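Undergrad: Single-letter residue listing:
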Amino acid sequence: MKKTDCTICEKKEIAVNDTIKINSETYCSACFETHFADQSKLKDKLIEKNIDPTICSSCSEDFGDIELNKISIYPICNDCEIKNKNKTFPTWVKAFFIVVMIIVTGSFFWNWKYYQAYSNIKKSNEYFTKGDYANATRLMSAASEKIPELEDLQTMATYFKGIGFLANDKSGEALIEFNKCKDKVPADYKMNSLIIQAKIGSSFDNQDYNGFLEASKENLAMDSTQVISLASVASAYACIYADKGDTAAKSNAFKFIDKAKAIDSASKEMKEYYNMIEYRIDSRKIIRREAFIKQFPNGWIKN
Amino acid sequence: MFFIPGELISIVTFPGIIVHEFAHMFFCKLRKVAVFDACYFRVGNPAGYVIHENTNNFTTTFLISMGPFIINTLLCLLICLPAYMPIKFFQIDQPLSYFLIWFGVSIGMHAIPSNQDANNVYQQAKEKIKERNVLAILSFPLVGLIYVFNILRFFWADLLYGVAIGIGIPSLIFG
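From first to last, the protein sequence lines stand for chains A and B. Going letter by letter, the first sequence gives residues 0 to 302 in numbering that gives the first Met the number 0. Going letter by letter, the second sequence gives residues 0 to 174 in numbering that gives the first Met the number 0.
Extracted from the complex, chain B is given alone in its bound form (with noise of 0.2 Å):
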């Protein structure tokens, strides 16, 4: 295992830094919720981030905190997708291809959210819970495989997920 710094991480995935505080503010303002202040991209720690307001209704925290998660993974599929068939079946070396890999995969990577999202999630599931709100259950699991997930990247998780989802999927759609 090779240690590389986050920051050298951040500026050569800058793309999906940048579409995950997208992600997270694009919610927020679908359901309107105050935004105080907001960075896309920064060579620091965090790398970005999106500043709203609290909210009590589950659904909108779920939505924010899980926002890069849909919104980063659905682009790293749709920008990997067309660059799969001439590099993978026709093994055609295109520049744009690569390109295309390199930029979907450095989106997916960033499609985790943070344990602050999960946190945000889970404060607000352990009281919806007792309403049996069945997003405040479902979203258990996918809190704790976030922390998991988290840990993980250390071991480059955040690269194999975007490399599964990028280059995986499509394999397995077309073989």
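One chain only, chain A, in its complex shape (with noise of 0.2 Å):
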């Protein structure tokens, strides 16, 4: 242990760790005390502590004449020095972070699904707009698969497959798909519109054409200025016709005719329907509308 005498009261062999310097000179605790009562006398002043360097700063073990190595500006002894460099963790601390990284671990893997799930769907939204209706319903469906308590994928998936169904032509089983959800989906689904259309098709596909009529009229109520409607009406009644011989049915296709061509009579599109509803009319035979182009590449002209 090395010592120092205070500058002040002259007091003799003081351990140094015992005193501090104060503009270079040294105090004894006690008259550090009673000079310093009030510390704002310290204002300006450059305080130093001494350090004994023959005692150890952390274990505090008088190492007697030998000066200890320094880290920073603390004497540390050989032990405390391999102990402080190596100073590590403790066991809670270790503990807590094995916890975190289970946390972290595992709730990526428990969430994992989630995430594949909104991949899923994304690229499912993406079909749907690009018009890939079985690409989407499979993504939307396994989207469903891995979230199976979030009812609104389901229901999406079973919607996307109505669509899918819908402009495949098999509109019996899109009837199937919408009618599974039609409570289910937002207004902005326009899921009446579309359960008239998958009505439509599927009356026509069962040659129930009083059903074609009934769903055609439902239709048009729903919005008279599509000429797609009119037609629509004209070609149910012209199916009435063609299977009953019903002439008020004849007539009214024609009247129905009329007002769609007075909406649009030059589209190549309509023009193609129109056509084939009078040819429906005129050979009272029921042919889709495929076949129909198929059979009259040029359109079919009445002789």
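Think of the hints as simulated: they come from the structure by calculation, not from any bench. Keep in mind the model is a prediction, meaning the values are calculated, not measured. For each residue, glycine too, the CB sits at the ideal point set by N, CA and C. Each hint should be verified, as a subset may be incorrect.
Residues from chain A that face chain B, not an exhaustive set, calculated with beta carbons under 8 Å [what the hints assert, rightly or not]:
1. 55
2. 57
3. 58
4. 88
5. 113
6. 145
7. 149
8. 280
Each of the two chains sits in its own frame; use the hints to bring them together as a complex.
TA: Written as structure tokens, this is what we have:
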């Protein structure tokens, strides 16, 4: 242990660690307390803690006359130096971090299905926008399987499936899908209109021409400004005439064709449609549009 | 603006304090700096501390002082990210997800280094900038931001930071 003298009271042989240097003058504890009871007196003074280089700052062991190595300004014995340099995390902190890592990893695994579902939904919507209903349905169904507790995804998968069926002229199957989800989709999904479209197709496929007419009229009631709605009613009347020979249906068919032509008599698509209805009335043969186009690629002309 | 005692905030967000001190300690170990004492959490002021030797290596000082900013921010994001999707996108209320958000945001709240940490960097940066040390140059605005941020703690800037990292970033990524 190193000793020093107090410059103020001239007390001899005081342990260095029990002194403090203020403006280069060494104070013992008693003098320090006497002179600086009011700490404001220390203002603007250079204060230095005297540190005995033979006493370990960490374990306080006295090494006699041997001056110890320093870490920063502190004398540290070899044992404490090794201990401080190798100071590690306490067990509970290690345990805490293991738990944090388990939580991070576990939650990623646990919630991975949501990210997969999110990715599937994004891709599904992209396919739907492009009109690839098969892939849109497949991915939306996959998303729904990942999160079965979320009914909305199942509803969307059903809706996409219905649209896919409708686009592929499988109106009966589309109608089944639409009926499953009709009360669950938002209003802006135009479910009523889709159901009517599916009913129109389904009743035509089933040769239920009265049903076809009824659904077409429902469609017309929803929007009477659409030329296709008028043409669809005309088509239904034409089917009834072709099937049963009902002359009232025939005149109604022409009436609705005229109404439709008043809106659009120029477009290729509608001209083709009118031509098919007129063929149906004239021949009393009911064929699908695709078959008609195939049979009369340049249109039907009455001889 | 409502006032909640700091000790109460420390208790509620204790994981962040542990991680903050862990980060200081971690970089001390990484840069082989001797540690005299460390407290990872206590009810008091400061709620945690790491006392380590001084070093003249500016990179070491910078890493030890900014350690919590790096580790707390990263962990906040990693913990909140898995919880974001079920809550925000699918509106599924799971206790686990809310636990993760609390855990992550608590850690994020304590990401910003203290003024003492900023001082340590500032004192050395003043010297190192004369040597045109790039890190020292970069650290000046960062230190300024830390001082400003620590003033804004009174207005819950720490909570806002945690929320911005834990919820804001995932919502930027996933919309």
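Undergrad: Can you verify the interface hint for residue 58 of chain A: is its Cβ closer than 8 Å to any Cβ in chain B?
TA: With Cβ-Cβ at 12 Å, over 8 Å, it is violated.
Undergrad: Mind checking the CB of residue 55 of chain A against every CB in chain B and telling me if the closest is under 8 Å?
TA: violated (12 Å)
Undergrad: Take the shortest C-beta to C-beta distance between residue 149 of chain A and chain B; is it under 8 Å?
TA: holds (6 Å)
Undergrad: Does the nearest C-beta of chain B fall within a distance shorter than 8 Å of the C-beta of residue 57 of chain A?
TA: holds (7 Å)
Undergrad: Does the nearest C-beta of chain B fall within a distance shorter than 8 Å of the C-beta of residue 113 of chain A?
TA: holds (4 Å)
Undergrad: Is the interface hint satisfied for residue 280 of chain A? The criterion is a beta-carbon contact with chain B at less than 8 Å.
TA: violated (54 Å)
Undergrad: Please check whether residue 145 of chain A passes as an interface residue: C-beta within 8 Å of a C-beta belonging to chain B.
TA: violated (10 Å)
Undergrad: Does the closest beta carbon of chain B sit nearer than 8 Å to the beta carbon of residue 88 of chain A?
TA: Since chain B brings a Cβ to about 7 Å from residue 88 of chain A, closer than 8 Å, the hint holds.
Against the hints set out earlier in the document, violations occur for numbers 1, 3, 6, 8.
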